Amino acid sequence: MDNINVLIIEDTPAQSDRLVKTLEENNFTVVGVATTLKEALSLFYSSKKIDIVIIDIFLNGVPDGIAFAETINAVPNASKPFVFLTSSTDRQIFQRAKLTQPFSYLMKPFNELELLYAIEMAVEKFYAQQDVFLGDEEDTVISDEYLFIKKGKSLKKVRITDIIYIEVEEKYCNIITEKEKFVILISLTKILKLLDNNIFCRTHRNYIANLEKIEEIILADNLIILSGNHKVTLSDTYKDIVKRMRTLR
Amino acid sequence: MKYKILIFCILYFFPLLLFSQEKKEYSDFEKIIKQKSEPYTSELNFKKAQSFFLRREWDSTLLYTSKQLSLTSKNIQLDNFTHFLRGYSFYKKRVFNESKNEFLNISEDFDYYLHTKIFLGAIAIEQEDYTKALDYLLPIEEITNEELLGINRNSIEGNIGTSYMLLDRYHDAHNYIQKNLAYLEEKRDTIALVIAYGNLAINYDYLDSTGLAIKNYSKAYEFSRYIDDYDVKIGTTHNMYEIAKYLNQPEKAYQYIEEHNQWKDSLHDQNEVARVLQLEKRIAVEQKQQEVSLLEAENKVKEAQKDGLMYSSIILLLLLGTGVYFYREKVKTNKIISEQKENLDELNATKDKLFSIVSHDLRSSVNALKMSNSDLVDNLEAKNLEKVNTLLHSNSAIVNGAYNLLDNLLNWALLQTKQSFFEIAELRLFFIVEHVAHNYKALLSEKNIQFENTIPKKDKVFADQESLKIILRNIIDNAIKFSKPEDSIKIYTQHTHEGFCDLVIEDTGIGMSEATRQNLLQETIVTSEKENKDIIGSGLGMQLCKSMIKKNNGNFFIESTLGKGTKMIVSLSKIPPNG
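These protein sequences, in sequence, are chains A and B. The first sequence runs 690 to 938 under my numbering. The second sequence runs 164 to 742 under my numbering.
Some hints could be false.
[Unchecked claim] Listed next, with one range per pair, are the computed distances between beta-carbon atoms: (1) 661(B) with 710(A): 42 to 52 Å; (2) 871(A) with 601(B): 26 to 36 Å; (3) 798(A) with 720(B): 21 to 31 Å; (4) 734(A) with 513(B): 51 to 61 Å; (5) 550(B) with 702(A): 29 to 39 Å; (6) 601(B) with 920(A): 39 to 49 Å; (7) 800(A) with 738(B): 24 to 34 Å; (8) 906(A) with 601(B): 49 to 59 Å; (9) 728(A) with 606(B): 31 to 41 Å; (10) 734(A) with 738(B): 39 to 49 Å; (11) 556(B) with 833(A): 42 to 52 Å; (12) 728(A) with 726(B): 40 to 50 Å.
[What the hints assert, rightly or not] Residues from chain B shown here face chain A by an in silico Cβ test under 10 Å; the list is partial: (13) 579; (14) 581; (15) 585; (16) 597; (17) 598; (18) 600; (19) 602; (20) 617; (21) 620; (22) 625.
In short, the hints are calculated from the structure, not lab data. All values derive from a computational prediction rather than experimental measurement. Yeah, the Cβ is synthetic: ideal placement off N, Cα and C, and Gly gets one too.
Construct the complete structure from the given sequences, taking the supplied hints into account.
Put into structure tokens, the structure is as follows:
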């Protein structure tokens with residue numbers, strides 16, 4: 690599991706210092722702190738690893754924060770979740786900020802919990818999977834690239850292509866990657882819907898395998914051997930998978 | 164031929180003979196008509212025509228008879244009767260050609276065919292066709308009296324005689340005139356006698372029996388003396404004058420001409436008098452007319468005046484009405500304005516009071532900081548670090564209190580000016596409470612107060628996040644403020660109201676009296692009485708809470724027992740505001 694990479698856009702050092710401190714305490718990685726719109730844009734487009742942006746609406750007295758959000762939203766594929774940081778309760782500026790959907794904000798002064806909550810909300814809203822982190826039933830938001838998993842107070846991510854297979858156990862899913870193995874809370878139907886069908890395929894009632902990690906299929910034993918010598922069962926219902934393997938090759 | 168002028172004078176009277184006679188005789192005749200037409204009254208139109216006929220309304224009679232004829236009944240007698248009525252009506256209206264046509268339409272078997280003939284004869288005389296008149300009248304003369312049904316035979320004979328005379332058949336005429344004369348003498352109709360004698364005289368004249376003629380002229384003259392008819396008198400005197408001239412008696416002629424002129428003058432005078440009378444009458448009528456028109460004009464003027472008075476009074480009344488209305492409106496507005504003024508004054512006073520309290524609080528906070536800072540400097544110089552630490556802690560507490568006060572003040576101002584962003588959304592109460600309570604962790608542990616948030620994660624409400632946080636901050640702040648060390652604060656939810664989720668903040672602190680509780684729930688900003696002198700507050704926080712709860716469509720309750728603790732209950736909607 691990797692840390693979430695955060696870009697901070699904030700012109701007041703006292704505020705940004707506190708933000709950096711709080712985020713790092715909660716295992717986030719701060720990729721950079723920008724103080725102007727120009728700096729922010731260059732940092733955002735040069736660094737590919739950014740997962741979330743925290744934006745102060747007012748930079749040097751002008752609402753450049755909103756301008757930044759509007760700019761990154763103009764290219765939907767390149768856009769990332771963001772949180773507006775503001776001390777202003779001004780109605781008009783809020784109305785303008787609201788137009789940059791999805792809209793999440795954090796009111797100054799904020800405490801640790803409010804900051805983490807705002808980040809979670811931004812991720813949920815951005816990937817349109819709301820009410821995941823707040824309830825008791827689920828703890829994972831799935832994007833094209835990552836699984837965002839709530840781990841205690843903090844948020845973690847796992848690259849989807851790193852997953853070798855998923856073992857489903859009632860409400861839980863065991864995620865097995867090359868390096869580690871962990872449990873997430875998500876329903877089977879949801880995970881099937883959100884994962885790329887070309888890569889992930891069901892092999893058994895309880896197994897979802899990454900097709901790219903398949904080393905060998907032993908039809909006689911109903912077994913699939915995956916990289917790292919992981920084994921999953923292949924039930925009769927899902928034997929069609931063999932045909933797909935051929936077409937893949 | 165010597166008497167030609169004389170003849171003309173007398174001739175004027177002939178048609179009169181027929182007419183005057185007719186009027187009397189024919190009322191009997193009409194009675195008979197009524198009686199005889201009775202069988203035909205089953206025909207509605209005929210019945211009407213008959214009744215109009217008897218009332219001598221000729222036009223109506225003509226109308227209904229034409230209706231009756233248009234029905235083309237097969238009863239010839241009925242048709243004859245109808246034609247008869249029409250003929251008679253036309254005759255009375257003196258439309259002789261139409262009348263003649265109607266009478267000619269009557270068939271010979273009609274009961275009153277003889278009458279038809281008489282009428283035709285009369286029409287012929289009227290139209291001066293004397294030969295034809297004789298053709299009609301002569302056969303009737305033969306018929307016995309009974310069959311004539313009330314028509315006077317003598318008038319017929321008179322007519323025949325006159326007709327003969329006018330046709331210059333004087334021999335034929337002679338007989339009839341004499342017969343008529345005999346009848347008239349019997350009836351003593353003087354005017355008719357004068358005329359008859361005159362006629363007889365003319366007849367003799369034409370028959371060249373001058374002696375007889377003169378004798379009859381004289382007779383006519385004698386009779387004329389007993390009557391008042393000037394025209395007749397003028398005629399007879401003129402005749403006598405002509406005879407006197409003829410007999411070469413100048414004195415007598417002069418006497419007659421004198422008399423003649425006298426009658427002429429009388430006639431003239433009479434005419435004059437009549438004219439003068441008529442003139443006077445006209446003038447009188449004109450005068451009356453003038454008076455009437457004058458009165459009318461006066462009336463009109465009066466009417467106009469009356470109308471004018473009425474309109475002006477109506478207008479005045481309307482003006483008065485509108486005046487009263489506007490006056491009342493003005494009074495009303497004034498009342499409202501004065502009420503508003505009172506309200507405003509009160510609000511202003513409250514604001515001033517609030518101002519003084521807030522500034523007093525702030526001043527004492529800042530003053531405490533000032534003092535503490537100078538202490539800090541002293542202690543730092545003395546390197547008394549432990550003392551410095553406690554001082555810093557107390558400073559931080561002071562600043563926190565002041566900050567909260569200022570925050571409330573700002574939020575209050577924003578709420579009043581409606582500047583803040585407000586958006587009702589679905590919120591999970593648990594997290595909001597956690598976020599707010601997070602700031603009080605230090606304070607809670609310092610005071611050693613146990614804090615518990617047992618709200619289930621699934622409890623959701625519809626509210627504005629920031630204002631809900633302000634509400635919670637104030638309530639939790641109060642709960643801590645009014646709690647003793649080792650007390651506990653619990654936050655949980657209950658669902659006692661339909662559609663609402665009640666958020667309960669329960670503490671085991673000092674509680675409050677019923678009076679204070681009521682005071683807190685009132686709509687006033689400043690709470691006058693303080694339960695605890697050590698713990699000061701403006702009451703602004705509580706007021707802000709109430710206003711914000713109201714704005715979030717929620718309700719606010721307080722349950723408290725003095726010395727045991729307080730329950731602050733915020734009831735929030737579980738239903739979206741628009742649905």
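How the hints compare with the structure:
| no. | hint | result |
| --- | --- | --- |
| 1 | 661(B) with 710(A): 42 to 52 Å | holds, 47 Å |
| 2 | 871(A) with 601(B): 26 to 36 Å | holds, 28 Å |
| 3 | 798(A) with 720(B): 21 to 31 Å | holds, 30 Å |
| 4 | 734(A) with 513(B): 51 to 61 Å | holds, 56 Å |
| 5 | 550(B) with 702(A): 29 to 39 Å | holds, 31 Å |
| 6 | 601(B) with 920(A): 39 to 49 Å | holds, 46 Å |
| 7 | 800(A) with 738(B): 24 to 34 Å | holds, 30 Å |
| 8 | 906(A) with 601(B): 49 to 59 Å | holds, 52 Å |
| 9 | 728(A) with 606(B): 31 to 41 Å | holds, 39 Å |
| 10 | 734(A) with 738(B): 39 to 49 Å | holds, 45 Å |
| 11 | 556(B) with 833(A): 42 to 52 Å | holds, 50 Å |
| 12 | 728(A) with 726(B): 40 to 50 Å | violated, 60 Å |
| 13 | 579 | violated, 13 Å |
| 14 | 581 | holds, 8 Å |
| 15 | 585 | holds, 8 Å |
| 16 | 597 | holds, 6 Å |
| 17 | 598 | holds, 5 Å |
| 18 | 600 | holds, 9 Å |
| 19 | 602 | holds, 5 Å |
| 20 | 617 | violated, 14 Å |
| 21 | 620 | holds, 6 Å |
| 22 | 625 | violated, 15 Å |
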